[in-house]
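Sequences are here, hints too, so could you generate the full structure?
Per the numbering used here, the sequence shown starts with residue 12, numbered consecutively.
Think of the hints as simulated: they come from the structure by calculation, not from any bench.
Just so you know, not all the hints are guaranteed correct.
[Said to hold, decoys possible] Restraint ranges, calculated between C-beta atoms of paired labels, are given here:
no., residue 1, residue 2, range
1, Val194, His369, 47 to 55 Å
2, Val259, Gly500, 30 to 38 Å
3, Lys341, Arg485, 48 to 56 Å
All values derive from a computational prediction rather than experimental measurement.
Think of the CB as a built atom: it goes at the ideal place given N, C-alpha and C, for glycine as much as any other residue.
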Amino acid sequence: MSARDTPTSPRLGLVIVAMTIGNAVILVSQTAVPLALPAIMDEFGVGSSSVQWVLTASLLPLAGLMVLGGRLGDLYGLRRVFCAGSIVFAAASLAAGLAPTFEFLVAARVVQGAGGALLLPTSVAIVSAVAGEKDAGRALGTLGGAAAVAGALGPIIGGALTGALGWRFVMLVNLPLAALSMVIALLVVPRDPRRADRDRVDVIGAVLLSITLIGVVFGIGQSQVWGWASPGVWLPLVIAALSAAAFVVVERRIAVPLMDLRLLVSHRNYAGATVSQGLGGMIEMGLGVIFPLLLILNLGMDPTTAGLALLPTTLPMVIVAPLAGRWYDKVGGRFPLMTGFGVLGLAGVALMLAVPTHEFVPLIPGLTLYGIGLAIVLTVNDPVSLDSVPARHHGQVSGVSATAEQFGGALGIAAFYLVFHATYVHELHERIDSSDLPDLTTAQYEKLRSDIEAAEQTGLRPDHFDPEFTDYLRSTLDAAASAHVLTFGMTVVVAVLGVVASALLVRRAVDNPIDMTSPEKVFAAGVIVGSASSSKHLHLHRHRDDQPAPRDPV
12 MSARDTPTSP
22 RLGLVIVAMT
32 IGNAVILVSQ
42 TAVPLALPAI
52 MDEFGVGSSS
62 VQWVLTASLL
72 PLAGLMVLGG
82 RLGDLYGLRR
92 VFCAGSIVFA
102 AASLAAGLAP
112 TFEFLVAARV
122 VQGAGGALLL
132 PTSVAIVSAV
142 AGEKDAGRAL
152 GTLGGAAAVA
162 GALGPIIGGA
172 LTGALGWRFV
182 MLVNLPLAAL
192 SMVIALLVVP
202 RDPRRADRDR
212 VDVIGAVLLS
222 ITLIGVVFGI
232 GQSQVWGWAS
242 PGVWLPLVIA
252 ALSAAAFVVV
262 ERRIAVPLMD
272 LRLLVSHRNY
282 AGATVSQGLG
292 GMIEMGLGVI
302 FPLLLILNLG
312 MDPTTAGLAL
322 LPTTLPMVIV
332 APLAGRWYDK
342 VGGRFPLMTG
352 FGVLGLAGVA
362 LMLAVPTHEF
372 VPLIPGLTLY
382 GIGLAIVLTV
392 NDPVSLDSVP
402 ARHHGQVSGV
412 SATAEQFGGA
422 LGIAAFYLVF
432 HATYVHELHE
442 RIDSSDLPDL
452 TTAQYEKLRS
462 DIEAAEQTGL
472 RPDHFDPEFT
482 DYLRSTLDAA
492 ASAHVLTFGM
502 TVVVAVLGVV
512 ASALLVRRAV
522 DNPIDMTSPE
532 KVFAAGVIVG
542 SASSSKHLHL
552 HRHRDDQPAP
562 RDPV
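Below, the structure written as C-alpha coordinates:
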(Lines of atoms letter the chains of each structure in order from A and count residues from 1; the text may use other names and numbers.)
(Lines give C-alpha, C1' and ligand atoms only; values in the text may rest on other atoms or scores of the structure.)
Protein backbone atom coordinates (compact mmCIF):
# COMPACT_ATOMS: atom_id res chain seq x y z
CA MET A 1 0.00 0.00 0.00
CA SER A 2 1.63 3.17 -1.14
CA ALA A 3 2.50 5.84 1.35
CA ARG A 4 2.50 8.39 -1.45
CA ASP A 5 -1.25 8.52 -1.78
CA THR A 6 -2.74 11.73 -0.47
CA PRO A 7 -6.29 12.58 0.56
CA THR A 8 -6.77 14.15 -2.87
CA SER A 9 -5.39 11.19 -4.89
CA PRO A 10 -7.94 9.07 -6.79
CA ARG A 11 -6.78 5.85 -5.12
CA LEU A 12 -7.03 7.11 -1.56
CA GLY A 13 -10.31 8.83 -2.34
CA LEU A 14 -11.84 5.58 -3.58
CA VAL A 15 -10.36 3.64 -0.66
CA ILE A 16 -12.00 6.08 1.75
CA VAL A 17 -15.30 5.70 -0.15
CA ALA A 18 -15.16 1.90 0.07
CA MET A 19 -14.20 1.87 3.74
CA THR A 20 -16.79 4.52 4.58
CA ILE A 21 -19.52 2.42 3.01
CA GLY A 22 -18.25 -0.59 4.97
CA ASN A 23 -18.35 1.41 8.20
CA ALA A 24 -21.62 3.07 7.35
CA VAL A 25 -23.49 -0.14 6.59
CA ILE A 26 -22.80 -1.31 10.16
CA LEU A 27 -23.58 2.02 11.80
CA VAL A 28 -26.77 2.50 9.79
CA SER A 29 -27.80 -1.02 10.74
CA GLN A 30 -27.39 -0.09 14.40
CA THR A 31 -29.01 3.34 14.38
CA ALA A 32 -31.85 2.49 11.99
CA VAL A 33 -33.05 -0.56 13.92
CA PRO A 34 -34.49 1.32 16.95
CA LEU A 35 -37.12 2.89 14.68
CA ALA A 36 -38.02 -0.58 13.39
CA LEU A 37 -38.38 -2.20 16.84
CA PRO A 38 -42.08 -1.31 17.31
CA ALA A 39 -42.98 -3.02 14.02
CA ILE A 40 -40.89 -6.07 14.98
CA MET A 41 -42.71 -6.21 18.33
CA ASP A 42 -46.03 -6.15 16.53
CA GLU A 43 -45.17 -8.83 13.97
CA PHE A 44 -43.62 -11.33 16.37
CA GLY A 45 -45.68 -10.49 19.47
CA VAL A 46 -42.75 -9.78 21.80
CA GLY A 47 -42.44 -7.16 24.55
CA SER A 48 -40.18 -4.13 24.77
CA SER A 49 -37.65 -5.85 27.05
CA SER A 50 -37.28 -8.77 24.62
CA VAL A 51 -37.14 -6.71 21.44
CA GLN A 52 -34.05 -4.86 22.72
CA TRP A 53 -32.11 -8.03 21.94
CA VAL A 54 -32.49 -7.29 18.24
CA LEU A 55 -30.04 -4.47 18.91
CA THR A 56 -27.93 -6.12 21.58
CA ALA A 57 -27.56 -9.41 19.67
CA SER A 58 -25.58 -7.55 17.01
CA LEU A 59 -23.56 -5.37 19.36
CA LEU A 60 -22.26 -8.15 21.62
CA PRO A 61 -20.39 -10.20 18.96
CA LEU A 62 -19.36 -6.93 17.32
CA ALA A 63 -17.72 -5.90 20.59
CA GLY A 64 -16.46 -9.32 21.64
CA LEU A 65 -14.84 -10.22 18.32
CA MET A 66 -13.60 -6.80 17.20
CA VAL A 67 -10.08 -7.21 18.56
CA LEU A 68 -9.92 -10.65 16.97
CA GLY A 69 -11.01 -9.14 13.65
CA GLY A 70 -8.23 -6.57 13.82
CA ARG A 71 -5.71 -9.25 14.75
CA LEU A 72 -6.80 -11.45 11.83
CA GLY A 73 -6.27 -8.45 9.56
CA ASP A 74 -2.70 -8.12 10.82
CA LEU A 75 -2.02 -11.84 10.30
CA TYR A 76 -3.91 -12.73 7.11
CA GLY A 77 -4.19 -9.42 5.28
CA LEU A 78 -6.42 -6.38 5.76
CA ARG A 79 -8.11 -6.54 2.36
CA ARG A 80 -8.74 -10.27 2.61
CA VAL A 81 -10.37 -10.03 6.04
CA PHE A 82 -12.38 -6.93 5.05
CA CYS A 83 -13.89 -8.76 2.07
CA ALA A 84 -14.66 -11.82 4.20
CA GLY A 85 -16.47 -9.57 6.67
CA SER A 86 -18.49 -8.00 3.86
CA ILE A 87 -19.68 -11.41 2.68
CA VAL A 88 -20.65 -12.56 6.19
CA PHE A 89 -22.45 -9.31 6.96
CA ALA A 90 -24.39 -9.32 3.68
CA ALA A 91 -25.46 -12.95 4.09
CA ALA A 92 -26.63 -12.31 7.66
CA SER A 93 -28.54 -9.19 6.54
CA LEU A 94 -30.40 -11.29 3.99
CA ALA A 95 -31.24 -13.87 6.64
CA ALA A 96 -32.44 -11.16 9.04
CA GLY A 97 -34.63 -9.57 6.37
CA LEU A 98 -36.28 -12.94 5.64
CA ALA A 99 -36.46 -14.12 9.27
CA PRO A 100 -39.57 -16.29 9.87
CA THR A 101 -39.39 -16.08 13.68
CA PHE A 102 -38.09 -13.68 16.31
CA GLU A 103 -35.47 -16.19 17.45
CA PHE A 104 -34.20 -16.56 13.88
CA LEU A 105 -33.97 -12.77 13.58
CA VAL A 106 -31.89 -12.52 16.76
CA ALA A 107 -29.58 -15.31 15.55
CA ALA A 108 -29.10 -13.55 12.21
CA ARG A 109 -28.22 -10.35 14.03
CA VAL A 110 -25.56 -12.25 15.98
CA VAL A 111 -23.95 -13.31 12.69
CA GLN A 112 -24.26 -9.73 11.45
CA GLY A 113 -22.26 -8.59 14.44
CA ALA A 114 -19.57 -11.21 13.73
CA GLY A 115 -19.27 -9.94 10.15
CA GLY A 116 -19.07 -6.39 11.38
CA ALA A 117 -16.24 -7.39 13.72
CA LEU A 118 -14.19 -8.22 10.62
CA LEU A 119 -15.23 -5.10 8.72
CA LEU A 120 -14.75 -2.25 11.17
CA PRO A 121 -11.17 -2.64 12.42
CA THR A 122 -9.73 -3.59 9.03
CA SER A 123 -11.41 -0.65 7.29
CA VAL A 124 -9.72 1.84 9.62
CA ALA A 125 -6.34 0.11 9.30
CA ILE A 126 -6.62 0.04 5.48
CA VAL A 127 -7.21 3.79 5.30
CA SER A 128 -4.32 4.43 7.67
CA ALA A 129 -1.95 2.24 5.63
CA VAL A 130 -2.90 3.72 2.24
CA ALA A 131 -2.82 7.32 3.47
CA GLY A 132 0.59 7.07 5.07
CA GLU A 133 1.48 8.59 8.41
CA LYS A 134 1.64 12.17 7.14
CA ASP A 135 -1.99 12.25 6.00
CA ALA A 136 -3.48 9.55 8.21
CA GLY A 137 -5.06 12.01 10.63
CA ARG A 138 -6.97 13.83 7.91
CA ALA A 139 -7.92 10.63 6.07
CA LEU A 140 -9.13 8.90 9.24
CA GLY A 141 -10.99 12.05 10.22
CA THR A 142 -12.75 11.97 6.87
CA LEU A 143 -13.56 8.27 7.31
CA GLY A 144 -14.81 8.68 10.87
CA GLY A 145 -16.78 11.81 10.10
CA ALA A 146 -18.46 10.36 7.01
CA ALA A 147 -19.30 7.15 8.84
CA ALA A 148 -20.68 9.15 11.79
CA VAL A 149 -22.88 11.14 9.42
CA ALA A 150 -24.13 7.91 7.83
CA GLY A 151 -24.85 6.48 11.25
CA ALA A 152 -26.72 9.63 12.20
CA LEU A 153 -28.88 9.23 9.10
CA GLY A 154 -29.85 5.78 10.36
CA PRO A 155 -32.95 6.91 12.30
CA ILE A 156 -34.25 8.74 9.22
CA ILE A 157 -33.57 5.72 7.03
CA GLY A 158 -35.05 3.33 9.58
CA GLY A 159 -38.18 5.41 10.07
CA ALA A 160 -38.73 5.94 6.36
CA LEU A 161 -38.17 2.30 5.37
CA THR A 162 -40.30 0.98 8.23
CA GLY A 163 -43.13 3.37 7.42
CA ALA A 164 -43.05 2.86 3.66
CA LEU A 165 -41.91 -0.71 3.07
CA GLY A 166 -41.76 -2.46 6.45
CA TRP A 167 -39.03 -3.28 8.97
CA ARG A 168 -37.54 -6.07 6.84
CA PHE A 169 -36.17 -3.55 4.38
CA VAL A 170 -34.15 -1.99 7.21
CA MET A 171 -32.18 -5.27 7.15
CA LEU A 172 -32.21 -5.86 3.38
CA VAL A 173 -30.87 -2.40 2.50
CA ASN A 174 -27.48 -3.61 3.78
CA LEU A 175 -27.09 -6.07 0.88
CA PRO A 176 -26.33 -3.66 -2.00
CA LEU A 177 -24.22 -1.42 0.25
CA ALA A 178 -22.01 -4.27 1.49
CA ALA A 179 -21.62 -5.58 -2.06
CA LEU A 180 -20.64 -2.15 -3.38
CA SER A 181 -18.07 -1.68 -0.62
CA MET A 182 -16.44 -5.03 -1.34
CA VAL A 183 -16.31 -4.48 -5.12
CA ILE A 184 -14.62 -1.08 -4.74
CA ALA A 185 -12.19 -2.51 -2.18
CA LEU A 186 -11.18 -5.33 -4.56
CA LEU A 187 -10.52 -2.77 -7.30
CA VAL A 188 -8.58 -0.09 -5.40
CA VAL A 189 -7.09 -1.57 -2.22
CA PRO A 190 -3.65 -3.09 -2.93
CA ARG A 191 -3.33 -6.84 -2.59
CA ASP A 192 -2.18 -8.21 0.73
CA PRO A 193 1.47 -9.28 0.70
CA ARG A 194 2.35 -12.93 1.13
CA ARG A 195 3.57 -13.91 4.57
CA ALA A 196 5.66 -17.00 5.11
CA ASP A 197 5.41 -16.71 8.89
CA ARG A 198 2.10 -16.29 10.65
CA ASP A 199 1.64 -16.13 14.37
CA ARG A 200 -1.08 -18.15 15.98
CA VAL A 201 -4.42 -16.51 16.67
CA ASP A 202 -5.15 -16.06 20.37
CA VAL A 203 -8.40 -18.02 20.44
CA ILE A 204 -8.40 -18.33 24.23
CA GLY A 205 -8.12 -14.57 24.63
CA ALA A 206 -10.94 -14.01 22.12
CA VAL A 207 -13.22 -16.45 23.99
CA LEU A 208 -12.47 -14.90 27.39
CA LEU A 209 -13.02 -11.37 26.10
CA SER A 210 -16.35 -12.37 24.53
CA ILE A 211 -17.51 -14.06 27.75
CA THR A 212 -16.59 -10.94 29.71
CA LEU A 213 -18.48 -8.53 27.48
CA ILE A 214 -21.51 -10.76 27.01
CA GLY A 215 -21.76 -11.53 30.73
CA VAL A 216 -21.75 -7.87 31.74
CA VAL A 217 -24.33 -6.75 29.19
CA PHE A 218 -26.59 -9.79 29.64
CA GLY A 219 -26.60 -9.49 33.44
CA ILE A 220 -27.41 -5.77 33.44
CA GLY A 221 -29.92 -6.06 30.60
CA GLN A 222 -31.92 -8.84 32.25
CA SER A 223 -31.98 -7.24 35.69
CA GLN A 224 -35.31 -5.53 34.98
CA VAL A 225 -36.84 -8.75 33.66
CA TRP A 226 -35.72 -11.24 36.31
CA GLY A 227 -34.60 -9.01 39.19
CA TRP A 228 -31.11 -8.58 40.64
CA ALA A 229 -31.53 -11.57 42.97
CA SER A 230 -32.06 -13.95 40.06
CA PRO A 231 -29.15 -16.34 39.26
CA GLY A 232 -29.76 -15.42 35.62
CA VAL A 233 -28.58 -11.90 36.48
CA TRP A 234 -25.82 -12.16 39.10
CA LEU A 235 -24.28 -15.38 37.78
CA PRO A 236 -23.38 -13.90 34.34
CA LEU A 237 -21.87 -10.89 36.14
CA VAL A 238 -19.73 -13.15 38.35
CA ILE A 239 -18.65 -15.21 35.34
CA ALA A 240 -17.78 -11.97 33.51
CA ALA A 241 -15.57 -10.82 36.40
CA LEU A 242 -13.73 -14.15 36.54
CA SER A 243 -13.34 -14.20 32.77
CA ALA A 244 -11.93 -10.65 32.79
CA ALA A 245 -9.33 -11.64 35.39
CA ALA A 246 -8.40 -14.74 33.38
CA PHE A 247 -8.15 -12.61 30.22
CA VAL A 248 -5.61 -10.28 31.84
CA VAL A 249 -3.52 -13.23 33.05
CA VAL A 250 -3.57 -14.94 29.64
CA GLU A 251 -2.76 -11.78 27.68
CA ARG A 252 0.23 -11.02 29.92
CA ARG A 253 1.71 -14.50 29.53
CA ILE A 254 0.96 -15.49 25.94
CA ALA A 255 3.67 -14.89 23.33
CA VAL A 256 1.36 -13.27 20.76
CA PRO A 257 -1.63 -11.83 22.66
CA LEU A 258 -4.96 -10.82 21.18
CA MET A 259 -4.71 -7.49 23.01
CA ASP A 260 -1.24 -6.35 23.99
CA LEU A 261 -1.98 -4.75 27.35
CA ARG A 262 1.52 -3.26 27.43
CA LEU A 263 0.52 -0.90 24.61
CA LEU A 264 -2.23 0.55 26.79
CA VAL A 265 0.28 1.14 29.59
CA SER A 266 3.04 2.55 27.37
CA HIS A 267 0.89 4.82 25.18
CA ARG A 268 -1.36 7.12 27.19
CA ASN A 269 -3.17 8.47 24.15
CA TYR A 270 -4.14 4.95 23.15
CA ALA A 271 -5.48 4.27 26.66
CA GLY A 272 -7.30 7.60 26.74
CA ALA A 273 -8.87 7.14 23.32
CA THR A 274 -10.01 3.62 24.29
CA VAL A 275 -11.78 4.92 27.41
CA SER A 276 -13.20 7.85 25.43
CA GLN A 277 -14.47 5.54 22.71
CA GLY A 278 -16.30 3.40 25.23
CA LEU A 279 -17.97 6.38 26.91
CA GLY A 280 -18.88 7.88 23.54
CA GLY A 281 -20.41 4.56 22.47
CA MET A 282 -22.51 4.45 25.64
CA ILE A 283 -24.04 7.84 24.85
CA GLU A 284 -24.40 7.15 21.13
CA MET A 285 -26.23 3.82 21.32
CA GLY A 286 -27.87 4.37 24.71
CA LEU A 287 -29.64 7.51 23.51
CA GLY A 288 -30.22 5.82 20.15
CA VAL A 289 -32.77 3.66 21.99
CA ILE A 290 -34.11 6.42 24.24
CA PHE A 291 -34.78 9.05 21.56
CA PRO A 292 -37.42 6.98 19.69
CA LEU A 293 -39.21 6.24 22.97
CA LEU A 294 -39.34 9.95 23.71
CA LEU A 295 -40.54 11.01 20.27
CA ILE A 296 -43.00 8.17 19.63
CA LEU A 297 -44.43 7.62 23.10
CA ASN A 298 -44.36 11.05 24.70
CA LEU A 299 -44.80 13.24 21.62
CA GLY A 300 -47.08 10.93 19.65
CA MET A 301 -44.99 10.76 16.45
CA ASP A 302 -45.09 7.83 14.04
CA PRO A 303 -41.74 6.14 13.21
CA THR A 304 -41.28 8.05 9.95
CA THR A 305 -41.86 11.43 11.59
CA ALA A 306 -39.65 10.45 14.52
CA GLY A 307 -36.82 9.66 12.12
CA LEU A 308 -37.15 13.07 10.49
CA ALA A 309 -37.37 14.73 13.91
CA LEU A 310 -33.85 13.45 14.63
CA LEU A 311 -32.43 15.58 11.79
CA PRO A 312 -31.05 18.08 14.34
CA THR A 313 -28.70 15.30 15.52
CA THR A 314 -27.61 14.57 11.94
CA LEU A 315 -27.09 17.88 10.17
CA PRO A 316 -24.38 19.20 12.56
CA MET A 317 -22.30 16.12 11.82
CA VAL A 318 -22.06 17.01 8.13
CA ILE A 319 -20.34 20.27 9.07
CA VAL A 320 -18.58 19.39 12.31
CA ALA A 321 -17.03 16.00 11.45
CA PRO A 322 -14.56 17.22 8.78
CA LEU A 323 -13.71 20.29 10.87
CA ALA A 324 -12.95 18.03 13.84
CA GLY A 325 -10.48 16.05 11.73
CA ARG A 326 -8.60 19.24 10.79
CA TRP A 327 -8.75 20.45 14.37
CA TYR A 328 -7.10 17.25 15.51
CA ASP A 329 -4.32 17.64 12.94
CA LYS A 330 -3.53 21.08 14.38
CA VAL A 331 -3.79 20.58 18.14
CA GLY A 332 -3.97 16.83 18.81
CA GLY A 333 -6.78 14.98 20.53
CA ARG A 334 -6.89 16.27 24.09
CA PHE A 335 -8.75 19.55 23.70
CA PRO A 336 -11.16 18.33 20.94
CA LEU A 337 -12.17 15.32 23.04
CA MET A 338 -12.67 17.42 26.17
CA THR A 339 -14.74 19.86 24.12
CA GLY A 340 -16.78 17.09 22.50
CA PHE A 341 -17.70 15.51 25.82
CA GLY A 342 -18.40 18.94 27.28
CA VAL A 343 -20.89 19.61 24.49
CA LEU A 344 -22.50 16.20 25.09
CA GLY A 345 -22.88 17.15 28.76
CA LEU A 346 -24.58 20.41 27.77
CA ALA A 347 -26.84 18.42 25.46
CA GLY A 348 -27.92 16.26 28.39
CA VAL A 349 -28.75 19.32 30.47
CA ALA A 350 -30.70 20.94 27.61
CA LEU A 351 -32.70 17.76 27.06
CA MET A 352 -33.45 17.44 30.79
CA LEU A 353 -34.95 20.95 30.74
CA ALA A 354 -36.91 20.37 27.53
CA VAL A 355 -38.58 17.01 28.24
CA PRO A 356 -41.17 18.26 30.81
CA THR A 357 -42.63 20.65 28.18
CA HIS A 358 -43.95 17.67 26.16
CA GLU A 359 -43.15 19.70 23.00
CA PHE A 360 -40.68 19.01 20.21
CA VAL A 361 -39.29 22.51 19.58
CA PRO A 362 -37.66 22.84 23.03
CA LEU A 363 -35.82 19.57 22.31
CA ILE A 364 -34.05 20.94 19.22
CA PRO A 365 -31.14 22.70 21.06
CA GLY A 366 -30.34 19.54 23.03
CA LEU A 367 -30.55 17.31 19.94
CA THR A 368 -28.30 19.69 18.01
CA LEU A 369 -25.70 19.83 20.79
CA TYR A 370 -25.79 16.02 20.93
CA GLY A 371 -25.00 15.83 17.21
CA ILE A 372 -22.13 18.31 17.51
CA GLY A 373 -20.54 16.66 20.54
CA LEU A 374 -20.84 13.14 19.15
CA ALA A 375 -19.35 14.19 15.81
CA ILE A 376 -16.27 15.60 17.54
CA VAL A 377 -15.73 12.60 19.83
CA LEU A 378 -16.22 9.88 17.21
CA THR A 379 -14.18 11.67 14.55
CA VAL A 380 -11.15 12.35 16.75
CA ASN A 381 -10.90 9.06 18.66
CA ASP A 382 -9.51 6.82 15.88
CA PRO A 383 -6.53 9.00 14.89
CA VAL A 384 -5.70 9.56 18.57
CA SER A 385 -5.35 5.78 18.97
CA LEU A 386 -3.49 5.08 15.74
CA ASP A 387 -1.10 8.02 15.96
CA SER A 388 0.19 6.82 19.33
CA VAL A 389 1.36 3.29 18.45
CA PRO A 390 3.66 1.74 15.82
CA ALA A 391 1.98 0.89 12.53
CA ARG A 392 2.45 -2.87 12.88
CA HIS A 393 -0.13 -2.77 15.69
CA HIS A 394 -2.72 -0.72 13.80
CA GLY A 395 -5.02 -3.66 13.10
CA GLN A 396 -5.08 -4.61 16.78
CA VAL A 397 -5.46 -1.01 17.92
CA SER A 398 -8.32 -0.40 15.48
CA GLY A 399 -9.99 -3.52 16.83
CA VAL A 400 -9.57 -2.43 20.44
CA SER A 401 -10.90 1.04 19.68
CA ALA A 402 -13.93 -0.32 17.85
CA THR A 403 -14.47 -2.92 20.59
CA ALA A 404 -14.56 -0.15 23.17
CA GLU A 405 -17.19 1.74 21.17
CA GLN A 406 -19.40 -1.30 20.52
CA PHE A 407 -19.11 -2.63 24.06
CA GLY A 408 -19.85 0.87 25.30
CA GLY A 409 -22.85 0.89 22.98
CA ALA A 410 -24.17 -2.45 24.22
CA LEU A 411 -23.57 -1.40 27.82
CA GLY A 412 -25.22 1.95 27.11
CA ILE A 413 -28.35 0.28 25.75
CA ALA A 414 -28.59 -1.96 28.80
CA ALA A 415 -27.75 0.73 31.35
CA PHE A 416 -29.77 3.60 29.86
CA TYR A 417 -32.82 1.39 29.33
CA LEU A 418 -32.41 0.03 32.87
CA VAL A 419 -32.49 3.57 34.29
CA PHE A 420 -35.39 4.56 32.06
CA HIS A 421 -37.52 1.49 32.75
CA ALA A 422 -36.89 1.35 36.50
CA THR A 423 -37.65 5.06 36.92
CA TYR A 424 -40.71 4.85 34.68
CA VAL A 425 -42.28 1.93 36.57
CA HIS A 426 -41.50 3.48 39.96
CA GLU A 427 -42.87 6.89 38.99
CA LEU A 428 -46.02 5.44 37.44
CA HIS A 429 -46.88 3.53 40.62
CA GLU A 430 -46.07 6.57 42.78
CA ARG A 431 -48.24 8.90 40.72
CA ILE A 432 -51.22 6.57 40.61
CA ASP A 433 -50.96 5.81 44.34
CA SER A 434 -50.83 9.53 45.24
CA SER A 435 -53.74 10.48 42.97
CA ASP A 436 -57.49 10.09 43.39
CA LEU A 437 -57.53 7.39 40.72
CA PRO A 438 -58.45 3.89 41.86
CA ASP A 439 -55.55 1.47 42.14
CA LEU A 440 -55.09 -0.87 39.22
CA THR A 441 -55.42 -4.60 39.65
CA THR A 442 -52.58 -6.80 38.47
CA ALA A 443 -54.56 -7.70 35.35
CA GLN A 444 -55.37 -4.06 34.64
CA TYR A 445 -51.73 -3.03 35.10
CA GLU A 446 -50.62 -5.72 32.66
CA LYS A 447 -53.26 -4.53 30.19
CA LEU A 448 -52.07 -0.93 30.59
CA ARG A 449 -48.48 -1.97 29.97
CA SER A 450 -49.54 -3.94 26.89
CA ASP A 451 -51.44 -0.93 25.52
CA ILE A 452 -48.42 1.33 26.12
CA GLU A 453 -46.17 -1.09 24.24
CA ALA A 454 -48.69 -1.20 21.39
CA ALA A 455 -48.66 2.60 21.34
CA GLU A 456 -44.95 2.52 20.50
CA GLN A 457 -46.01 2.23 16.85
CA THR A 458 -48.47 5.12 16.80
CA GLY A 459 -47.61 7.33 19.76
CA LEU A 460 -49.32 7.60 23.11
CA ARG A 461 -52.32 9.69 21.96
CA PRO A 462 -55.49 9.97 24.08
CA ASP A 463 -57.84 9.64 21.10
CA HIS A 464 -56.29 6.28 20.16
CA PHE A 465 -55.91 4.94 23.68
CA ASP A 466 -58.13 2.44 25.48
CA PRO A 467 -60.93 4.52 27.17
CA GLU A 468 -60.60 2.33 30.27
CA PHE A 469 -57.20 3.88 30.92
CA THR A 470 -57.66 7.42 29.59
CA ASP A 471 -57.66 8.88 33.11
CA TYR A 472 -54.30 7.22 33.73
CA LEU A 473 -52.73 8.62 30.59
CA ARG A 474 -51.48 11.87 32.18
CA SER A 475 -49.77 9.90 34.95
CA THR A 476 -48.24 7.64 32.30
CA LEU A 477 -46.87 10.57 30.27
CA ASP A 478 -45.52 12.33 33.36
CA ALA A 479 -43.86 9.14 34.58
CA ALA A 480 -42.23 8.66 31.18
CA ALA A 481 -41.06 12.29 31.22
CA SER A 482 -39.45 11.82 34.63
CA ALA A 483 -37.73 8.68 33.38
CA HIS A 484 -36.37 10.55 30.35
CA VAL A 485 -35.11 13.39 32.53
CA LEU A 486 -33.17 10.99 34.76
CA THR A 487 -31.80 9.14 31.72
CA PHE A 488 -30.53 12.38 30.18
CA GLY A 489 -29.02 13.17 33.57
CA MET A 490 -27.10 9.92 33.25
CA THR A 491 -25.82 11.25 29.91
CA VAL A 492 -24.37 14.24 31.74
CA VAL A 493 -22.55 11.94 34.18
CA VAL A 494 -21.04 9.85 31.37
CA ALA A 495 -20.02 13.02 29.51
CA VAL A 496 -18.27 14.40 32.60
CA LEU A 497 -16.36 11.13 32.91
CA GLY A 498 -15.32 11.59 29.27
CA VAL A 499 -14.00 15.09 29.95
CA VAL A 500 -12.00 13.88 32.97
CA ALA A 501 -10.58 10.84 31.17
CA SER A 502 -9.55 12.92 28.14
CA ALA A 503 -7.91 15.55 30.34
CA LEU A 504 -5.93 13.01 32.36
CA LEU A 505 -4.88 10.56 29.64
CA VAL A 506 -4.77 12.31 26.26
CA ARG A 507 -1.85 14.65 25.75
CA ARG A 508 -1.23 17.64 23.50
CA ALA A 509 0.49 17.21 20.15
CA VAL A 510 4.21 17.90 19.91
CA ASP A 511 6.85 17.03 17.37
CA ASN A 512 8.81 13.97 18.46
CA PRO A 513 11.62 12.02 16.86
CA ILE A 514 10.78 9.65 14.04
CA ASP A 515 10.21 6.09 15.15
CA MET A 516 11.05 3.71 12.30
CA THR A 517 9.50 0.29 12.64
CA SER A 518 11.22 -1.17 9.55
CA PRO A 519 14.54 -0.34 7.89
CA GLU A 520 13.65 2.01 5.02
CA LYS A 521 15.37 4.97 3.47
CA VAL A 522 14.81 8.35 5.00
CA PHE A 523 15.16 11.23 2.57
CA ALA A 524 15.65 14.93 3.20
CA ALA A 525 13.07 16.75 5.33
CA GLY A 526 11.96 13.46 6.83
CA VAL A 527 10.17 12.26 3.69
CA ILE A 528 9.80 8.52 3.84
CA VAL A 529 9.39 6.42 0.71
CA GLY A 530 8.57 2.74 0.70
CA SER A 531 5.77 0.26 1.02
CA ALA A 532 3.26 0.06 3.83
CA SER A 533 1.21 -2.99 4.67
CA SER A 534 0.07 -4.98 7.65
CA SER A 535 3.26 -7.05 7.66
CA LYS A 536 5.96 -4.81 6.18
CA HIS A 537 5.47 -1.11 6.34
CA LEU A 538 7.06 2.27 6.30
CA HIS A 539 6.00 4.36 9.24
CA LEU A 540 6.60 7.90 10.35
CA HIS A 541 5.45 7.60 13.97
CA ARG A 542 4.15 10.89 15.28
CA HIS A 543 3.70 10.57 19.04
CA ARG A 544 1.15 13.02 20.30
CA ASP A 545 2.52 13.36 23.79
CA ASP A 546 4.10 15.91 26.04
CA GLN A 547 7.01 13.63 26.73
CA PRO A 548 9.58 11.76 24.60
CA ALA A 549 8.17 8.84 22.65
CA PRO A 550 8.11 5.74 24.85
CA ARG A 551 10.06 2.78 23.68
CA ASP A 552 7.93 0.21 21.92
CA PRO A 553 7.59 -2.64 24.44
CA VAL A 554 7.33 -5.28 21.75
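Quick rundown of the hints versus the structure:
1. Between Val194 and His369 the beta carbon distance is about 48 Å. The supplied range of 47 to 55 Å therefore holds.
2. Checked against the hint of 30 to 38 Å, the C-beta distance between Val259 and Gly500 comes to roughly 33 Å, which is consistent with it.
3. Remark: the range hint 48 to 56 Å for Lys341 to Arg485 is upheld by a beta-carbon distance near 52 Å.
Checked against the numbered hints given earlier, this structure breaks none of them.
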